[in-house]
Amino acid sequence: MDDLGDIIQEFLVESHENLDQLDRDLVSLEQETQSRDLVSRIFRTIHTIKGTSGFLAFTNLEAVTHAGESLLARLRDGTQPVTADTISTLLAMVDCVRALLSTIEETSTEGDISIDSVVAMVNRQMEQGEAAAAAPEAATEAAAAEAVAEPAPTEVTVEVTVAAETPAEVPAAEAAPARKRAPAKKRAPRKAATAEPEPVSLDASAPAAGPAPAKPPAAELDAPAPAAAEPAAGYEARRPVGELLVEQGAAQQSDVATALQRQIEGDERHLGTILLEEGKTNPAAVNDALQAQNKRSIADSAIRVDVDLLDALMNLVGELVLVRNQLMRSSSESRDPALSRTTQRLNLITSELQEGIMKTRMQPIDQIWSKLPRVVRDLSQACGKQVRLEMEGKETELDRSLLEAVKDPLTHLVRNAVDHGIETADERVANGKEPQGTLTLRAYHEGGHVTVEVADNGSGIDVDRVAQTGVDRGVVSQGQVSQMSPREIMMLVFQPGFSTAKQVTNVSGRGVGMDVVKTNIERIGGAVDVDSERGVGTTWRLSIPLTLAIIQALTVECAGERYVIPQVAVHELVYIDGKSTRIEYASDAPVYRLRGKLLPLVRLDQTLGLSGDNRDEGVYMVVLQADGRRFGMIVDRVLNTEEVVVKALNARFKDIGMYAGATILGDGKVALILDVASLARRSHLTSTTSERTRAAGTDESASAGKSAQRLLVTGVGERRVAIPLDTVTRLEEFERGRIEQAGSRQVVQYRDEILPLVRLADLLGAMADESGDTVPVVVYSERGRSAGLMVDKIVDIVEEATAVRKDLHEDGFAGTAVIQQRVTELLDVRRAILAADPNFYAETSDDEYLVEA
Amino acid sequence: MPTRQYATFEVAGQLFGVEVEAVQEVLSFHEYTAVPLASPAVGGLFNLRGQVIAAVDLRVQLGLPRQSLDGPVMNVILRGDDEPVSLLVDRIGEVIDLDDSEFEPPPETLTGPTRELVVSTVKLEGRLMLAVDVAQAVDTGRMGY
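First to last, the sequence lines map onto chains A and B. Heads up: the first sequence runs through residues 197 to 1049, numbered per this note's numbering. Heads up: the second sequence runs through residues 92 to 236, numbered per this note's numbering.
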């Protein structure tokens, strides 16, 4: 029984893999309805499942696959055309098989899953096919030819063997050079080594069976042994193109024989070329045959390895990298040439070993992409849209743990693109686009990480709508939005709270919002970005580290200790010389003008609570990006960039939240890896505060940093009034002439809106200073509304934790404090704002903006 | 009479001991990486054959000022639950066999941080050894920092 259990287990594993492939193939088949290769492959897979399930006595499974097989046989034989309905039926069949397999996995029985409806569906399809007009003559002919060449799919393997034994037509003279060439496949030594003698000699006929005339690059055509030079060669005995063509029914055996004979007689053209030029076959068939020729047999070239073993090896390599780094360091100090040579060698071998081991953990991104064609197909049908899915860079590899982490965010982005990005066919046509939208998945390596793009050519992101939604949902205020660039507004979609529950069910059905996409990607050290042009399309870009275990990192020094910053967060380095590049202060908050924009600065030593010398020159600024916010971090020195092995930190340090881990540097000393996102948070640079920071734009901006304790001190007549800085959006100077009267109140036109004003002096009963041409106004915004407080002058921004004396209550004030040796009244902002605009809080009733006295 | 083996060490003139099974190894180390913002009881991190180990300053745990980490410092490396943790001590003593009869509860007059770490008092010839509760000793969150 145990044996049977094992067999079932193996059957399940194998079938699950096959089912994924089936989904993909079926969706592809819908696009390329003529591809015999696909039909044959689908047929074979179903046939295999059917065979095994019959053997294991899973009758329902057998019945379903049998039905599916019958339908597929008709498609293969060309007696029935491939239509969208056929594909849907087959997909439903695959789903049914999947459900059955899952039940078998859980209960070891088929359970009570009903197969009747699916079988009926399949039968209906076949009847319809029957009723449909007879297939075109050509197709029947081809089918007849194929019926001869391919009696039953299970026998295909037999044919391969036969093929391997019949290179009879190939002259010995041509076989010999091919044998010599075979070992030259240096790129794939392992594969070449395992290649059997027969396949190699088989290759000899490959030059004859050259690539299709038009498609491949000229270089390949001219190469002496084009087939042997192709990287895919060597996986399996390659079957001659001629034979494949015959099998497909695209050429006659006699024509192929004639063509081969001509080659032997000295015709230097490829076999495919000869056949084509003589009109004995068609280009599509040659292409198919060439692709089939390059198919490799996975079973022969892959083994299953325990992931734990790979992880253990990875750890050991990590250790080795450290030892290598240490040895490199000491050998550079010694003058022993022999040692230095050996170290160099060790260095090379370690790098290669590291690369090799990392590769074993790498899997092509196709692993997760493979499920997407089905997702796109189903969703686009559900939305009534036409979407073509294109994939570029399927073979791009990622660490398996990362792949797993990227799966859901990527699926979400794809669903979102189909649902919201791409318009319906009618809309597209109305906008002068082709009715079918294109969704492109693109993966490529870029400087130590992998970029995955999800690009659609749909309607693009409506920045205004995003801004409005952001304001409606309270993610940003109107005032902030008016200060943001379109790009910054687009980034709002990643803010938590941006997507509502309703949207989530619509869009993803998985409870994943864009903020979750962002969080998940950032958790693995990646980043998310979006680019969009109205009417042209949207590109979501995920930047993912290659692996978590070893990262590219920048080592910096601060207060005598070294710290490591993941390179992915580092945007640029600036040396602060105090002259051409210098730190400026907005009140006491340091900022830097980076290409015209103010960048808030964080001093690493201060953030870490270390005693630094607070130098403003001779230091370095590392421009970092986290949570979509940029900031500069001041460090004493920048040392180098290198690959470091990330070591998990003990749980006792988790609460600090500043460190992503530790690593061992080249000299053997431990260094902490900074968690840039936490650093930003800890420095109060998180989105909301920073949003405000940006909105404030000028001097006050950076000081918003610790705004909770900060007060804006203003002068009103002889008195001083302090306003909590976190309620201040902006400081403006208005010309007195611009201030107009509206009813009993004063207003000013501000950013295409009417800004109600209140004169603090009036509120206070103080003598206002009317002398200047302009009047400073403290702009306060909340939930899209703004109001301005007119003062006489802006005195300072202070951060004193002062003892507020509450007893001196006066109308409009929350208390009194001593700030810079002067009695200062703390403004009750709410009351002041109400004086400017009695309706300001009409829809809001919270008291949180009251100054805490 | 059942006996237990204790590894002994000295901190600020007082002899302490932990059960020998808890000790992975003892070694002197001189390069520690400070962990800013961590509990003051964390002396630093160091590299033990490729493993990053946290060193807990036993002086701080006993309510004393921090150990100076400028020169080599003795580490008693304890097998933790998931990973080793080191205790920074002044000096390493011998491994001694102790009878159960030699253990007594800590004196009632012993108070403060030390009391929380000590499980029993052992009467050795000429001096007293305090048996340390390993879990308490490495708990850097214990002082409420």
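Among the clues, some could well be false.
Claimed, not checked - Cβ pair distances, simulated, as ranges:
| no. | chain 1 | residue 1 | chain 2 | residue 2 | range |
| --- | --- | --- | --- | --- | --- |
| 1 | B | Gln142 | A | Gly201 | 35 to 43 angstroms |
| 2 | B | Thr202 | A | Arg719 | 43 to 51 angstroms |
| 3 | B | Val117 | A | Asp863 | 49 to 57 angstroms |
| 4 | B | Glu116 | A | Leu542 | 24 to 32 angstroms |
| 5 | B | Gly217 | A | Ala844 | 40 to 48 angstroms |
| 6 | A | Gly307 | B | Asp172 | 39 to 47 angstroms |
| 7 | A | Val209 | B | Gln142 | 30 to 38 angstroms |
| 8 | A | His767 | B | Gly184 | 22 to 30 angstroms |
| 9 | A | Ala844 | B | Val210 | 37 to 45 angstroms |
| 10 | A | Asp202 | B | Glu116 | 43 to 51 angstroms |
| 11 | B | Glu185 | A | Lys850 | 32 to 40 angstroms |
Hints are computed from structural coordinates only; laboratory data are not their basis. We put the CB at the ideal spot given by N, CA and C, even for glycine.
Please test the hint of 37 to 45 angstroms on the beta carbon pair from Ala844/A and Val210/B. With a Cβ separation near 31 angstroms, Ala844/A and Val210/B fall outside 37 to 45 angstroms, so the hint is violated.
Given the hint of 39 to 47 angstroms, check if Gly307/A and Asp172/B actually sit that far apart at their C-beta atoms. Holds - the Cβ-Cβ distance for Gly307/A and Asp172/B, about 43 angstroms, lies within 39 to 47 angstroms.
Taking the beta carbons of Glu185/B and Lys850/A, is their distance inside 32 to 40 angstroms? holds, 37 angstroms
Assuming the hint says 30 to 38 angstroms, is it satisfied by the Cβ distance from Val209/A to Gln142/B or not? For Gln142/B against Val209/A, whose Cβ atoms are near 36 angstroms apart, the range 30 to 38 angstroms holds.
Status of the given 40 to 48 angstroms range, CB of Ala844/A versus CB of Gly217/B: For Gly217/B and Ala844/A the Cβ distance comes to about 45 angstroms; the hint holds.
Satisfaction of the hinted span 49 to 57 angstroms by the C-beta atoms belonging to Val117/B and Asp863/A: violated, 24 angstroms
Is the distance from the Cβ of Thr202/B to the Cβ of Arg719/A consistent with 43 to 51 angstroms? holds, 46 angstroms
For the hint 22 to 30 angstroms, verify it against the beta carbon of His767/A and that of Gly184/B. With Cβ atoms ~54 angstroms apart, the hint is violated.
For Glu116/B and Leu542/A, compare the CB-CB distance with the range 24 to 32 angstroms and indicate the outcome. Given range 24 to 32 angstroms: holds, Cβ gap about 28 angstroms.
Evaluate the given range 43 to 51 angstroms for the C-beta pair formed by Asp202/A and Glu116/B. holds, 45 angstroms
Outcome of range test on Cβ distance (Gln142/B, Gly201/A; 35 to 43 angstroms): Check passed, 41 angstroms falls within 35 to 43 angstroms.
Hint compliance for this structure: hints 3, 8, 9 are broken, all remaining hints hold.
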